[in-house]
Each structure stands twice: as C-alpha cells, then as structure tokens.
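Place chain X on chain E using the hints.
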Amino acid sequence: MTDQEKIAMLEETWELDEGTLTADTVLADVDEYDSMAKLSLIVLMDDEFGVKLTGDVIKGFETVADILKLMENA
Amino acid sequence: MYNLIDLTDRRILVVGASSGIGKKTAITLSNLGAKLVLVAIDEEQVMQALTELSGDGHAAYYADVSKLDAIEGLIKGIVEKHGPLDGMVYSAGLGTALPLMQSKPEKVLNTFNVNFFGFFEMVRQVARKGRFNPGLRIVGVSSCASLRGDKSKSIYSSSKSAMDSAVRCMAKELAEKEICINTVAPAMTATELYAKFVEKYGEDSDTNRELTSRQYLGIAQTQDIANAIAFLISPAARFITGITMPVDGGLTTC
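Protein chains in written order, with the numbering used here: chain E, 1 to 74; chain X, 1 to 254.
Next comes chain X alone, as it looks inside the complex:
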C-alpha cells in the first residue's frame, strides 16, 4: 500500500517535545518511521517522552531554548552525534496571557525568547551547511492567535505573528538551499493550557460556549495538530513553503 507520509529513517528534531502538541507530534512522527531527536527544558519529561516513541534510534536532550547562546552548541552536538537533519519541528512555547498594563518589557522578552527568538536561532543553526540533508523541512508551531486579536494576548499573539512573518521571509532565502519552512496555526487544543482555561472559566461558561461556537468543529485534539505537522514535515509537502496553515476547526473562517 502507498503511504503518502513515509518518514522512514528521516532524522527529525522536535523542540519542545515533552508535552502537548510537541510530544504528540514526536510520537506520531516515530509511528511514521522517523528517527527523532527530542529537545525540551524538563529532563524528566523529555526522558518520559522518549520511552513513548515507536521504533529505535531516538535520542533526547534537555535544554532551555531561551538561552540563545547555547543553541549553536546544542545543534552542533546533535548533528555530530546523530548526523545531518531531515526535519525540525519547533513546538516550544509559552502561552502567556497578561493584561497590556502588566506586560512589562521583561515579560515581553521572556515570552519572545522562547516563542520567537529561540525558533529563529534554531532555524539559523539547523540551516547551516553540513547540518542538514537535501530537502530539509522545518515546521514551527504558531497559533491562530497570530491571526486574531483578544484581550490579554498582545504578547502571545505578536510572538506568534513574528514566527509567521519570519517564515515567509526565511522560506524565500532558504529555497536556495532546497529547504522548506512553514508554520501551523492551531486553534484551542486540548492541552494543559485548555485545561487551565476550563478551570478558570468553567466548561458551561459563556466564554467557553462562545469559543466552541466560533471553533465549530470543537476543541482540537493534539493528534489533529500532529497530523498536519506530519504532512508538512514530509516530502509529500515538497511544494509548500512560507505558509501558515490554520488547523483550527473553522475558527479563522468566520
């Protein structure tokens, strides 16, 4: 049988792999045959994620992606040990929700360090000569928040918009190296973040009802997002670059 998304023996780095969308993506890619290198800030969680992957030949590292100076050494070390990369998924992120008046510069910077600068530097380091195989594919996990506005989301939304804008430019520059780069923009997904949202507002609250009426296919499962990432990271998506793909149950269409 023909398998459209065949990732057999493709070496893929998943950053932010210890929970939520990142972890589900790692598991999904391993089910499709990829050899993964997981990176996350929490040692215990990333080691746990490693045990949940299918197949063998995987590895895990713990690192704080907001420490931008350390990214070059991390990527160098990974490539030396595991060989050049075929893909990278960047799923590290902070779901910051802060009123504008309390969004002090250090809080803006803190979120941007993880959500945007970490992504930017990872791309820069992975896309260096000798660190990737021909046809490298990169997928960043953005958010529908980059396309919509809401109270308390100024920092988060702008950090995700920055990812999307950067990707449009990077795609053109990296095309010369035959590298494709895209983002996915999930809507509200059943992660820890949504659990907190429900805890705060209640499942029967107007806020939750309003959300699910706009996101009319319901709350996304992490698997829904992982599937979209699996497609974009695969050679099957070779003609797609520089885009932000909403995975949003209809949210951005109404």
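This is chain E alone, in the form it adopts within the complex:
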C-alpha cells in the first residue's frame, strides 16, 4: 500500500475532504483530530494493520508521517 493510499484511508476514517492531509500535516493543526478521531484511529490500526495503539503512542504522534511509519512497520 502506498503512502497516498494510507493517507486516503485516514481521510476517509476522519471524514476529511480528499487532499486535506499530507505526510507533513501537523495533527494538532487538524480541527477534526479530536478524541473521537483518535478512537477511530485505534480501530483502523487494529482492524487494518493489526496494531494495538495505546494512549501513550497516540500522544507521541506529531504528524501524519508518524502514523504512516507505524502502518509501514505493521
């Protein structure tokens, strides 16, 4: 799966318009990145990548690239 496909997956999960996110997007700048979006991310990572995210790991995410990296390693 390419980075672009993974980004599209995040956009779909968070119901963002296509092209909203890039690898460099700072998560704190995304208004929609709230507690529900984080919960959605936990489910996405578990369902699609078999990764169990903890609160600490999520707190450590600064940009979209940090999430992509974890998807890559899955």
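Hints may contain errors.
The calculated label-pair distances, taken between Cβ atoms and stated as ranges, are [stated by the list, open to error]: (1) X:E178 <-> E:K59: 47 to 57 Å; (2) X:K196 <-> E:E5: 29 to 39 Å; (3) X:K81 <-> E:K52: 37 to 47 Å; (4) E:E18 <-> X:C254: 42 to 52 Å; (5) X:P105 <-> E:S35: 16 to 26 Å; (6) E:V51 <-> X:V108: 14 to 24 Å; (7) X:E210 <-> E:M1: 36 to 46 Å; (8) E:M1 <-> X:A190: 38 to 48 Å; (9) E:V51 <-> X:C169: 36 to 46 Å; (10) E:E62 <-> X:K81: 50 to 60 Å; (11) E:V51 <-> X:G83: 44 to 54 Å; (12) E:E12 <-> X:C254: 31 to 41 Å; (13) X:E210 <-> E:D46: 19 to 29 Å.
For the record, the hints were derived by calculation from the structure and aren't laboratory data. Every residue, glycine too, gets a C-beta built ideally from N, C-alpha and C.
Just chain X now, kept in the frame of chain E:
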C-alpha cells in the same frame, strides 16, 4: 441474628465470573452461603475465581456465551450434575466503545452476541421446566449507559437497553412460573474498563472530573454492585421483578 440476605445452599449460576463485577459477585454470594456454578470464557481465570470462593460445593465451567447454540447443552449439563438452579447472574459483557462510522455490522453483532443474545438464550434455557427450583431469581448486569447517551457508545448502550427491555417483558411471562428477573445498572465501576479509561484520559483530565462530578458518590467499587445483586438474587427481593435498578452514585438522578 436475622440475616436478610441468606443464600444458604442456594444453587446460583454466575455467568462472566472470572473478573470484575461477576467475580466479586460470585465471592459475595459464596460468603452468603450460596453454592455456585461459575461460567466464564477464560479457563485459567475461572479456575482462579473458584479458589477465591468461601465454602464448598462450587463448580466452574469455561464457555463462550456468544456461541449461542452451545448454551442449551451447557445448562443441561450443569443442571444434571448440580441440580436445579435457584438463581442466575449474567455478568458477561463487552464494553465496546466505537465511533458510529466504524460500528460495522459484524462489530455490532459481536457485542450483541455477548451482551444481549447470550443473556437472552441463558434465560430461555435456565427457565425451562425441571431446570430450576420454585422461586428462581435472575439478575442481569446492565449499565447506566442504557439510560444515557454518549459518543462511541451506540453499540454498548443499545445492547444494555435491549437487556432492560427484554427483562420487562420476560418478567411478566416468567411470573407464571414464579420466576423473578431484574437488571442492575451500574455506573462507572473500578474495573479493568475504568483503568483503561483513566489510562486513556488521565485521572486529572476534564473527562474524568466531569464524570465524577455527575457520579457524585465517586467511582463505584465492584463490591457496591455485588451487594445490590446479592439483594436482588435473594428471596428478600421476592416482590421485585421486571426492573432495572441503577447502582450509580447519583449519576442518573442529575
């Protein structure tokens, strides 16, 4: 001294007995004299729970209550071996928290299988002629979530509401057999689920502060819930049926 909640030699099935509210309930009922049959999905944990009971004559089985077709055989086997039941507590449950958009049908079904369909089928099988003694009492562990709404709780809340609604109907139908059935609706209780909540939001977080301000008696202990169940499963509660009893530190009153 008069003991209001005397369960001496009453045979009570506790489903979901390996941890949290179910396990504390089992221990409490055994302290009150009941002979227990524990059922849980995890063999090691249910065997551990068995060792923590007071008195003797208890038994433990491991079974997955979401396998609905297997429940009839399980109950039949338990009654054949241990005799008819005087009570059943259903405490098996999944604390699902999922955003609506990710609540796909298989996830809804998965939670409903454990939280509701398992309960429903257990009641159906336990309430069959020959499987219970006169005055059988059933208590399901519901949740305050069935009475309140919150983000990510659509599946969980509706599964618990389903329990409560079913109980209101079952109570009327089962009254002919002199069976009483109720649910308890605990608020946030100090279980593994709450530990995860604190881990996620932090003890000093606004979310936790907001919760404890509404649930103004604080976070419930599993013993608080077990005590309410002990009362409802006892003959002392003989005139109570078809209700959902909040055990909620004030949560649903404000």
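Here is what the structure says about each hint:
| no. | hint | in the structure |
| --- | --- | --- |
| 1 | X:E178 <-> E:K59: 47 to 57 Å | holds, 55 Å |
| 2 | X:K196 <-> E:E5: 29 to 39 Å | holds, 31 Å |
| 3 | X:K81 <-> E:K52: 37 to 47 Å | holds, 39 Å |
| 4 | E:E18 <-> X:C254: 42 to 52 Å | holds, 44 Å |
| 5 | X:P105 <-> E:S35: 16 to 26 Å | holds, 24 Å |
| 6 | E:V51 <-> X:V108: 14 to 24 Å | holds, 23 Å |
| 7 | X:E210 <-> E:M1: 36 to 46 Å | holds, 39 Å |
| 8 | E:M1 <-> X:A190: 38 to 48 Å | holds, 41 Å |
| 9 | E:V51 <-> X:C169: 36 to 46 Å | holds, 43 Å |
| 10 | E:E62 <-> X:K81: 50 to 60 Å | holds, 59 Å |
| 11 | E:V51 <-> X:G83: 44 to 54 Å | holds, 49 Å |
| 12 | E:E12 <-> X:C254: 31 to 41 Å | holds, 39 Å |
| 13 | X:E210 <-> E:D46: 19 to 29 Å | holds, 27 Å |
Against the hints set out earlier in the document, no violation occurs for any number.
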